[in-house]
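Throw the hints in and build the complete structure from the sequences for me.
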Amino acid sequence: MTIATDKLKSNRAFLCLECGKCTAVCPISRYNELFSPRRMLAEGLFYDAENLISDKLLWSCLTCQLCSQRCPVDVRFSEYMRDVRADAYLQGKRGNPSHGGALHYIMEMVSESKLKQNRTGWINGDLKVKKKGDVLYFVGCLPYYQDFFAKDFDFSPVSIAADTVKILNYLGIEPVILDNERCCGHDLYWLGQLQKFDELGEENMKQFEKSEVKTIVTACPECALVLKRLYPERLGSGKYEVKHITELVAENIDKFNFKELGEKATYQDPCRLGRYLNVYDQPRDSIKSIPGVEFTELAHCRRGAICCGTTNWMNCDITSKQIQKSRLQEAVQSGAGTLITACPKCQIHFRCAEMGDENEKTGIEITDFVNFIAKAIDN
Amino acid sequence: MAKSAEKTKKSKSKKVFTPNIVAFACNWCSYAGADAAGVNRLQHSPNFRIIRTMCSGRVTPAFVLKAFNAGADGVLVSGCHFGDCHYIFGNHKAVEQFDKTKALVKTLGLDERRVRLEWVSAAEGPRWAELINEFVEQITALGPSPLNHKKK
Ligand code: SF4
Ligand code: SF4
Ligand code: FES
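Chains A and B, in that order, give the protein sequences. Our numbering numbers the first residue of the first sequence as 1 and each following residue consecutively. Our numbering numbers the first residue of the second sequence as 1 and each following residue consecutively.
Since the hints were made in silico from the structure, they are not lab data. C-beta atoms are modelled at their ideal positions from N, C-alpha and C, and glycine is treated no differently.
A short list of chain A residues far from chain B (calculated; beta carbon distances all over 12 Å):
(1) K93
(2) F155
(3) G304
(4) I318
Listed below are the simulated EDC-like cross-link pairs for lysine to aspartate or glutamate, each with C-alpha atoms no more than 16 Å apart in a straight line:
(5) K228(A) - E247(A)
(6) K151(A) - D99(B)
(7) K114(A) - D111(B)
(8) K116(A) - D111(B)
(9) K151(A) - E96(B)
(10) K239(A) - E209(A)
(11) K93(B) - D152(A)
Encoded structure:
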């Protein structure tokens, strides 16, 4: 069993020098010595790839792109994982999904075009939305996270959606929200389920085209990556521009009239927003422009930021927990009282790490970028 | 509305819709209750597949969603009555899990009547038979699930 040559060329695995820098920086390798990106490359390149394909650790890579930052020859390790996983998937191999795979079933189910979802219940009377317009707000999985996580983690994922609309309204934008938006397919893409990803993408693109929007805004880094880059790569580009909410807020920062907050805050760079989409300054500038907010950086930040510990709802284990705990410790050491992230999943993972042992709780406030901004414009 | 559209389609093709139902039953009460229905030769609808779990508390949203994803038209979760659970609080856990399941099923756009949580003891064979008949009738009235690809 070998990995197809054209795949090894396109993800640049062929160029690997076996220097091992990737393993040296990988957050998974730091806590799990059995996990090594360098070894996974060697296995796919020089040995029988069967070992690699059957390896449960194949599903542990966070596709966080930290290793690619250090790689001297720009091996696209995340893409390599996607390609190997696609082969493994076809052979019926699977990782260990978190939450019994519930979220993956949802992703698959919503690709069915006959399904008419009820996903707009969070739109309350104060929020102004339209049926037709230039700007579309792509909500993502938040309504499902609300059903699944709100009670256990004592936070409201749909408040991220509501506050995004609130910010858009503040800027004079009444966004269009699709009644039957599909999952963007991000997780399925990195898990190698490319056919399902395409199905979801085509459904979504059809709806974008029909609504004739010019700009799509999203408050999720994964949706942003998919809409900005992955759909155009696989399915062709649409006639719209895609913006993550942090970019939109930064562009319009002069229009905000913030009240004083009086908080010390730090920021977790989501992998997709940072290393994938190069959005580093926009969230920072916006947070810093709120009066009374003192901004501190985490020890690992920007290009060197460390992932929140799990991606794609896959192989969450003790290693994930260790990464999360060390990340929260960094936040405490930065002196901040609030940890801001721009990704709903980061927040879920950090909140999960805070549960359990009372003595290990850091007690740091965890919030989303949009919730933080909305709090500052509250009157 | 969707229901009546499904009905007209059915009468045209003259095919009778027989639902596929997945029933989760806990080992200590409901499964034994279903067994009792069989031992007592109680006639009831055969349109369900029973899956035995050690406790109803084990049935997380993932179980139910997996069944719907595989094309089930309805899913029943059953366990011991409160106070009877052999793991003491398992069925209270089941209620918590089921609340989540129901919310997800609703958001997905499936009729919430397609899922049900019921308590059946080992002695309640007749109740099991009744429950199954009633549920099958209800799901038949609702028609095939939009995710049931064989019935399209
Ligand atoms: S992408 Fe991230 S998790 Fe995966 S091997 Fe590279 S550094 Fe490790
Ligand atoms: S850092 Fe790059 S060249 Fe070095 S072992 Fe890893 S993938 Fe190969
Ligand atoms: S053992 Fe029957 S519900 Fe727990």
